[in-house]
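Undergrad: If you want the building blocks of each chain, they are given just below.
Number of protein chains: 2
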Amino acid sequence: MENGVRKDYLLDRWVIIAAERAKRPSDFKAKPSPRDMGKVCPFCPGNEEMTPPATLLYIEREGNLLEDRDLEMPRRSDWIVRCFPNRYPAVKPRAKEVIAAENKLLYRTRAYGFHEVVVESPIHNEQPSNMRLKQLKYSLMAQIERVSTFYRYPSVRYVQMFRNYRREAGASLSHPHSQIIATEHIPRILREEVESSNKYMEREGRCIFCDIIELEKEGPRLIYESGYFVALAPWASIQPFEFWILPKKHSASLLEITSEELEDFSKILKTCLRSLSEALGDPPYNYVFHIAPKYPRGVDEFYHWHLEVYPKLAVWAGFEIGTGMYINVVPPEATAESLKAEIEKYS
Amino acid sequence: MENGVRKDYLLDRWVIIAAERAKRPSDFKAKPSPRDMGKVCPFCPGNEEMTPPATLLYIEREGNLLEDRDLEMPRRSDWIVRCFPNRYPAVKPRAKEVIAAENKLLYRTRAYGFHEVVVESPIHNEQPSNMRLKQLKYSLMAQIERVSTFYRYPSVRYVQMFRNYRREAGASLSHPHSQIIATEHIPRILREEVESSNKYMEREGRCIFCDIIELEKEGPRLIYESGYFVALAPWASIQPFEFWILPKKHSASLLEITSEELEDFSKILKTCLRSLSEALGDPPYNYVFHIAPKYPRGVDEFYHWHLEVYPKLAVWAGFEIGTGMYINVVPPEATAESLKAEIEKYS
Numbered sequence: 009m010e011n012g013v014r015k016d017y018l019l020d021r022w023v024i025i026a027a028e029r030a031k032r033p034s035d036f037k038a039k040p041s042p043r044d045m046g047k048v049c050p051f052c053p054g055n056e057e058m059t060p061p062a063t064l065l066y067i068e069r070e071g072n073l074l075e076d077r078d079l080e081m082p083r084r085s086d087w088i089v090r091c092f093p094n095r096y097p098a099v100k101p102r103a104k105e106v107i108a109a110e111n112k113l114l115y116r117t118r119a120y121g122f123h124e125v126v127v128e129s130p131i132h133n134e135q136p137s138n139m140r141l142k143q144l145k146y147s148l149m150a151q152i153e154r155v156s157t158f159y160r161y162p163s164v165r166y167v168q169m170f171r172n173y174r175r176e177a178g179a180s181l182s183h184p185h186s187q188i189i190a191t192e193h194i195p196r197i198l199r200e201e202v203e204s205s206n207k208y209m210e211r212e213g214r215c216i217f218c219d220i221i222e223l224e225k226e227g228p229r230l231i232y233e234s235g236y237f238v239a240l241a242p243w244a245s246i247q248p249f250e251f252w253i254l255p256k257k258h259s260a261s262l263l264e265i266t267s268e269e270l271e272d273f274s275k276i277l278k279t280c281l282r283s284l285s286e287a288l289g290d291p292p293y294n295y296v297f298h299i300a301p302k303y304p305r306g307v308d309e310f311y312h313w314h315l316e317v318y319p320k321l322a323v324w325a326g327f328e329i330g331t332g333m334y335i336n337v338v339p340p341e342a343t344a345e346s347l348k349a350e351i352e353k354y355s
Numbered sequence: 009m010e011n012g013v014r015k016d017y018l019l020d021r022w023v024i025i026a027a028e029r030a031k032r033p034s035d036f037k038a039k040p041s042p043r044d045m046g047k048v049c050p051f052c053p054g055n056e057e058m059t060p061p062a063t064l065l066y067i068e069r070e071g072n073l074l075e076d077r078d079l080e081m082p083r084r085s086d087w088i089v090r091c092f093p094n095r096y097p098a099v100k101p102r103a104k105e106v107i108a109a110e111n112k113l114l115y116r117t118r119a120y121g122f123h124e125v126v127v128e129s130p131i132h133n134e135q136p137s138n139m140r141l142k143q144l145k146y147s148l149m150a151q152i153e154r155v156s157t158f159y160r161y162p163s164v165r166y167v168q169m170f171r172n173y174r175r176e177a178g179a180s181l182s183h184p185h186s187q188i189i190a191t192e193h194i195p196r197i198l199r200e201e202v203e204s205s206n207k208y209m210e211r212e213g214r215c216i217f218c219d220i221i222e223l224e225k226e227g228p229r230l231i232y233e234s235g236y237f238v239a240l241a242p243w244a245s246i247q248p249f250e251f252w253i254l255p256k257k258h259s260a261s262l263l264e265i266t267s268e269e270l271e272d273f274s275k276i277l278k279t280c281l282r283s284l285s286e287a288l289g290d291p292p293y294n295y296v297f298h299i300a301p302k303y304p305r306g307v308d309e310f311y312h313w314h315l316e317v318y319p320k321l322a323v324w325a326g327f328e329i330g331t332g333m334y335i336n337v338v339p340p341e342a343t344a345e346s347l348k349a350e351i352e353k354y355s
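Sequence lines, in order, name chains W and F. Each number in my numbering comes from the position in the first sequence (counting from 1) with 8 added on. Each number in my numbering comes from the position in the second sequence (counting from 1) with 8 added on.
Looking at chain W on its own, in the form it has when it is part of the complex:
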């Protein structure tokens, strides 16, 4: 009995699981993207003049990683990971401009912050689902390094790391890249997750995410377990084939991850994305890291960082927009079964 209206573990987010509306898995199969033939890719090595100067470069020398923080040649071409400001930023680190609310009904603040692009590989079509593990790890390392830098700014309260894959999921360029937006807001979803995990801690004396992992590890929604991580299809998945990856050891923020853990994370991320790609013909997706926001008292230690992956397989339409509720035609138990089966084929 998989139907019903389910509530997210933490959020006031409800989803109607409507398996009768379900389609065959083949109905979700993605169409191949049109190749962007003939166009010059601004993210490919050699085209650095087309993007702003780098803010961080990783270089490889005889198999060793060099981090170029001097940036004397911010447009050099021999990088393996390259970070730079977004040319059309949503937020900006400008001076202490103050935007007053116009009146009590027209409330606003300045759009302060940082918006960067991380080019994850010099190879134009090396996506995480088929990336060399070392490269995937370097790309994540560079992102974590940039997030750490942004968190040091006193005004920055939260940094969102995210990846849009394929045009249907909002990527305007196909070269592998992620984005980072640092803001002085703690966004609604993060605030709600933090409040919810704090309440649970008060009531139960344990981390809610640790309890979720404990509960789901043996159950029908587990997809994969590695040394340090679990991948699962969450109870109240709002999209077909949605999955999350969580560290088994309690950790509020990704920023404290060890090198060994990051290597393991790269592996489980690649494994899961490859199984998604195999199951559905390389579909578009968005993935988002949720890490502990920074409060004036410091980072919230009861939070538990994780990654959420949302394949773009359904249109959020009038019902979702009007109500804030969701309809999902693929129960997470079916998602887990399907992704697990793909992973087993390769192991």
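Hints in this document: simulated from the structure, not taken from any laboratory. Warning: the hint list may mix true and false statements.
[What the hints assert, rightly or not] Cross-link-like lysine-lysine pairs, in silico, DSS-like; alpha carbons within 27 Å at most:
1. W:Lys207 to F:Lys207
2. W:Lys112 to F:Lys256
3. F:Lys112 to W:Lys225
4. F:Lys47 to W:Lys37
5. W:Lys257 to F:Lys112
[As the list claims (entries may be wrong)] Take a look, some chain W residues computed to stay more than 12 Å from chain F by CB distance:
6. Lys47
7. Pro50
8. Asn55
9. Thr59
10. Leu79
11. Pro82
12. Asp86
13. Thr266
14. Glu268
15. Glu269
16. Glu286
17. Ala349
18. Ser355
Ideal Cβ positions, reconstructed from N, Cα and C, are used throughout, including at glycine.
Knowing the structure of chain W, use the given hints to seat chain F on it.
TA: Below, chain F without anything else, positioned relative to chain W:
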């Protein structure tokens, strides 16, 4: 100075207005949809066998409206508006099935309710932006009648009326139609709007929507004003070209609308949708009615019903999914200017 991070009048919903990212209006122009040539349309008159039996039919006889409630011929073909259950319903009026929560982390309820389709015209390509006014009024009347019927069920707490236009906005068929979903949940967005308007009433002694109308009526976000309604681009629009239509007279629920008001509403709705269509080449959109939910104590009288129109012109990607915040590259002031200009061309 149009940028900044704006908060919705009522909701904890924030949007970064990033006009520098803006494109020319022509960048939003929709591509024409592929015609569904050769396929039989299940919503066209004569094909009633392809859909479930009607639950309400409007018939026209010598220019007068007949409402067929006996439904002795639920698949007759001479209707002008036809309502019937969705063949793949998200919710169902089944018996008192109880779905228990599996445990405190896995909370769920049954998916009880009604899910109907309203075919708004017998003419395959008569969309609201070019619909005969009388037909548009009848189609809205039929929807209101169905909503009233659902609200009479003791368990029904909220009814969402919505319209998905074009495939990109979630419509699987192009024949003009709307949908109605009645649930025993009060969805998050409605609950938040009701709580917010109640708090405002307590504090200010007035309806927040009445104050919004008062404030916006003279300002840069007003699009159009008719005898009974205003159309405006809301302060914290989350989509380019988003607009709302609100009744000037305080009214909690659409269900009490008079015939004269409904005629006026049909006019302003058609006017605004036509201007949107002219400005952007008939783009996809979702529109949603927000009407007062039904509490055990009755309908909330401090609520103020309205229509929200969301053109589908941007992809909600990693940032929006991860944070619950939005980025909108078209300030509502620009939306109002552009739609106003289109309306003036025709008047």
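Undergrad: Could you run down the list of hints and mark each one as holding or not?
TA: Status of the hints after comparison with the structure:
For the suggested pair Lys207 (chain W) and Lys207 (chain F), the alpha carbons sit about 24 Å apart, so the restraint of at most 27 Å is met. Under the criterion of a C-alpha separation no larger than 27 Å, the hint pairing Lys112 (chain W) with Lys256 (chain F) is consistent with the structure, at around 20 Å. A hinted pair counts as satisfied when its Cα atoms are at most 27 Å apart, and Lys112 (chain F) with Lys225 (chain W) qualifies at roughly 16 Å. With a CA separation close to 23 Å, the supplied pair Lys47 (chain F) and Lys37 (chain W) stays within the 27 Å bound.
For the hint pairing Lys257 (chain W) with Lys112 (chain F), the CA-to-CA distance comes to about 22 Å; that is within 27 Å, so the pair holds. At roughly 17 Å from the closest C-beta of chain F, the C-beta of Lys47 (chain W) stays outside 12 Å, upholding its exclusion from the interface. For Pro50 (chain W), the non-interface assignment is confirmed: its Cβ lies about 16 Å from the closest Cβ of chain F, beyond the 12 Å cut-off. Taking the minimum C-beta to C-beta distance to chain F, about 21 Å, the non-interface status of Asn55 (chain W) holds against the 12 Å cut.
No beta-carbon of chain F comes within 12 Å of the beta-carbon of Thr59 (chain W); the shortest separation is about 16 Å. Residue placement check: Leu79 (chain W) keeps its beta carbon more than 12 Å from all beta carbons of chain F (closest about 25 Å). At roughly 22 Å, the least C-beta separation between Pro82 (chain W) and chain F is larger than 12 Å, which holds for a residue marked as non-interface. Under the 12 Å C-beta cut-off, the non-interface status given to Asp86 (chain W) relative to chain F holds; the minimum distance is some 29 Å.
With a closest Cβ-Cβ approach of about 24 Å to chain F, Thr266 (chain W) is found to remain outside the 12 Å limit, as its non-interface label requires. Glu268 (chain W), annotated as away from the interface, keeps every beta carbon of chain F farther than 12 Å; the closest lies near 26 Å. Every C-beta of chain F lies more than 12 Å from that of Glu269 (chain W), the closest at about 21 Å, which supports listing it as non-interface. Taking the minimum C-beta to C-beta distance to chain F, about 22 Å, the non-interface status of Glu286 (chain W) holds against the 12 Å cut.
At roughly 23 Å from the closest C-beta of chain F, the C-beta of Ala349 (chain W) stays outside 12 Å, upholding its exclusion from the interface. Once the 12 Å rule is applied to beta carbons, Ser355 (chain W) is consistent with being away from chain F; the minimum gap is 29 Å.
The earlier numbered hints are all upheld by this structure, with none contradicted.
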